[in-house]
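Q: Following the hints, complete the assembly by docking chain A onto the known chain R.
There are 2 protein chains.
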Amino acid sequence: MIKVPGFAGSGISCGIKKRGKKDLALIFSEYPAKAAGMFTENIVKAPPVLLGMERIKNGLCQAVLVNSGVANAFTGKPGMKAALLTTGCAARELGIDESLVIPSSTGVIGGPLPVEKINKAMPVLVSELREEGLLDAAEAIMTTDAFPKYATTKVGIGGRTGTVCVIGKGAGMIMPNMATMLAYILTDISVPRRTLTKALRNAVNNSFNKIIVDGDTSTNDTVLMLANGKLGNTAIGLTGTNYRKLEQAVTETAAVVAEMIVKDGEGATKTVRIIVKGARSESDAENVARTIGNSLLVKSALYGEDPNWGRIVAAAGRAGVDFNPDRLDLYFGDHKILSNSRQVMDEASALEVMKTPKFSITLDLKTGKKASFVITSDITYDYLKINAHYRT
Amino acid sequence: MIKVPGFAGSGISCGIKKRGKKDLALIFSEYPAKAAGMFTENIVKAPPVLLGMERIKNGLCQAVLVNSGVANAFTGKPGMKAALLTTGCAARELGIDESLVIPSSTGVIGGPLPVEKINKAMPVLVSELREEGLLDAAEAIMTTDAFPKYATTKVGIGGRTGTVCVIGKGAGMIMPNMATMLAYILTDISVPRRTLTKALRNAVNNSFNKIIVDGDTSTNDTVLMLANGKLGNTAIGLTGTNYRKLEQAVTETAAVVAEMIVKDGEGATKTVRIIVKGARSESDAENVARTIGNSLLVKSALYGEDPNWGRIVAAAGRAGVDFNPDRLDLYFGDHKILSNSRQVMDEASALEVMKTPKFSITLDLKTGKKASFVITSDITYDYLKINAHYRT
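As they're listed, the protein sequences go chains R and A. By the numbering used here, the letter at position 280 of the first sequence is numbered 280, and the numbering carries on one by one without gaps. By the numbering used here, the letter at position 175 of the second sequence is numbered 1175, and the numbering carries on one by one without gaps.
Isolated chain R, as found in the complex (with noise of 0.2 Å):
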């Protein structure tokens, strides 16, 4: 169960999607919060994308509205006004400005929105809202999801608890900058705007910018942030104990729902973390990371559980960073593969490390002092068996 003080959660069925599942979810706080968003750097943003960031701008947000199924991508100024309206109604339903509602779309591009389902739905949308609902939220933003994405996490601040509750969705079209991923991260602990701002940006650099299942950016990501105070604590600053605290809780959470993401990743049967160390810069070793995370041929070694380590290698001397190719020291886990290039492995060790379904491979490039990492899955039949006939 997932609990945050002062916000309350629901999540119903309007009939965007078939079988009676669960495709409209409210997330209510009782106070207009302090709020800050993320969103996906896609040129083709979706309205609702565009309206969030908008609202946003103002700080203060009381209502996340999602409706997962129907993406409201690439419809213009007819996908514009759906977000406008159901935003509206939601705000109305709840008694509170519009301008305090943020709406996210989730699922298929190019359809329009059915302004109707959702409206006819929301009396009993807002009327289900409860403190144990967010699990329903939860569920109603899935997609392709096999399960719904949530982790908490308790911080000392001031002598209080507070708490740090991260919900997420999202399988496919995930790479760094948070391709189609939703997430909102709400706590009860108050923090000022820019203390929310900072937080959260390196937050989410460090956890769902990380994660790799196909290489695509969607043009609905966000990323929301709300505080509603009602920990009651003394506002936290821009640096200082409680602040470190404070970022480390959400990074820490959101990390966690991140990796779910990435074990979710559409058909994957591994989540492997790609590190990058000896780099002369934290952005060297991020592209060398991320270039071996894509690599199609990478990701199907995973899966076949085949130590071909030449795939990695390869795809690291096209990520543009320049390295000595004869230095080069990488493991799989803890068993070092090569030393200086040259192959020093027992073979059936680094099979043994494949054969899990989560492990790190590490590679060392030796011209620096810098690392960074990325998350990324295998590529597996099911993958294409869900994106072959996604809409069908």
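Hint data in this document are derived by calculation from the structure and do not stem from the laboratory. Mixed in with the good hints there might be a few duds.
[To be verified] Straight-line C-alpha distance at most 20 Å; calculated EDC-like pairs for lysine to aspartate or glutamate: (1) Lys21/R <-> Glu116/R; (2) Lys336/R <-> Asp364/R; (3) Lys1081/A <-> Asp326/R; (4) Lys1077/A <-> Asp326/R; (5) Lys1021/A <-> Asp1097/A; (6) Lys77/R <-> Asp1329/A; (7) Lys358/R <-> Asp334/R; (8) Lys1230/A <-> Glu1131/A; (9) Lys1198/A <-> Glu1054/A; (10) Lys17/R <-> Asp1306/A; (11) Lys1277/A <-> Asp1329/A; (12) Lys1077/A <-> Asp329/R; (13) Lys18/R <-> Asp97/R; (14) Lys1003/A <-> Glu1041/A; (15) Lys1017/A <-> Asp306/R; (16) Lys77/R <-> Asp1326/A; (17) Lys230/R <-> Glu247/R; (18) Lys57/R <-> Asp97/R; (19) Lys198/R <-> Glu41/R; (20) Lys1154/A <-> Glu1252/A; (21) Lys1358/A <-> Asp1326/A; (22) Lys1370/A <-> Asp1329/A; (23) Lys81/R <-> Asp1326/A; (24) Lys77/R <-> Glu116/R.
A: Showing chain A alone in chain R's frame:
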């Protein structure tokens, strides 16, 4: 059959591959030919690539020795020594200077090149050289290729008829900038070095550099062009009618082989030309086309014959190119699917197009007058079957 005046070829099994499959090829010119080459941009370059880059500097080549099965990549100094030993053996057997022999290797990265097997087979390889043997060479350079790849064009130059022949291989690890792909362009036309270099670069940029199978770039890519001058024509300059005819012939012949490579893309069932027009620059157009052609979600939809245009525009949106997402036109074959980003499609027609094995998708950005394209394939269960267990 493939025949180019003054060239001979042979292809035999020397025991690198299992079951007596051909794995060693020789292409020989009766005169030292003017030569130019283009090589992988991966910073991890295999020893045969490094040796080829060195030897091509003198502008002449008389023999190309190619093995399949093992890439001799990431093998360090022993790998370079192996390339020197095998090309040295070929040179002695052919009675030519070893600087005139360029090696290529393709196959698994990381294993040592079996020098003894190759050199032991060299007398037979050389004795089998014959004008009709280029097809054997084309077969011996195959790895996961389902069929040998070659094309020939005749071109009139100053009253004589010259031949341009392209022999290629490559089915996985293909993406713009020549992934694990080998191609040898042979002509009897007399072409000075500078002209050869220009024609090769332009032809490759409009053929092999436009194809995508899986977005990976190999350590071994090589395109060599050899012009032995047997036709006896007046040498061709850097401009003028004869130059244009030469460049066109080389480009068209290379494009035929490039398209064969996509068609044979591991497990592929579709060959799709992604055309982007109305761009501000050719590189903008190419970036958008390449991002679409590389999208795993687009490639999955091609496989599933799902006219999911949302994935196409979403991919376009993350290419880093500015355009107005509300003004796009999109076509499947000749059918207009989107007009000013509004769906105007008869989905049944779109589906008809997608059911064919070869078609085009055209995106008009309406921001300028430049265009470019890539050729991509779908990604299928068979791709994974081939790549998950490549080494087993």
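Q: A separate judgement is required for each hint: does it hold in the structure or not?
A: Tested hints:
no.	hint	verdict
1	Lys21/R <-> Glu116/R	holds, 18 Å
2	Lys336/R <-> Asp364/R	holds, 11 Å
3	Lys1081/A <-> Asp326/R	holds, 15 Å
4	Lys1077/A <-> Asp326/R	holds, 9 Å
5	Lys1021/A <-> Asp1097/A	violated, 29 Å
6	Lys77/R <-> Asp1329/A	holds, 17 Å
7	Lys358/R <-> Asp334/R	holds, 13 Å
8	Lys1230/A <-> Glu1131/A	holds, 14 Å
9	Lys1198/A <-> Glu1054/A	holds, 19 Å
10	Lys17/R <-> Asp1306/A	holds, 19 Å
11	Lys1277/A <-> Asp1329/A	holds, 10 Å
12	Lys1077/A <-> Asp329/R	holds, 17 Å
13	Lys18/R <-> Asp97/R	violated, 32 Å
14	Lys1003/A <-> Glu1041/A	violated, 31 Å
15	Lys1017/A <-> Asp306/R	holds, 19 Å
16	Lys77/R <-> Asp1326/A	holds, 9 Å
17	Lys230/R <-> Glu247/R	holds, 18 Å
18	Lys57/R <-> Asp97/R	holds, 15 Å
19	Lys198/R <-> Glu41/R	holds, 18 Å
20	Lys1154/A <-> Glu1252/A	holds, 11 Å
21	Lys1358/A <-> Asp1326/A	violated, 29 Å
22	Lys1370/A <-> Asp1329/A	holds, 15 Å
23	Lys81/R <-> Asp1326/A	holds, 15 Å
24	Lys77/R <-> Glu116/R	holds, 17 Å
In this structure, the earlier hints numbered 5, 13, 14, 21 are contradicted, and the remaining ones agree with it.
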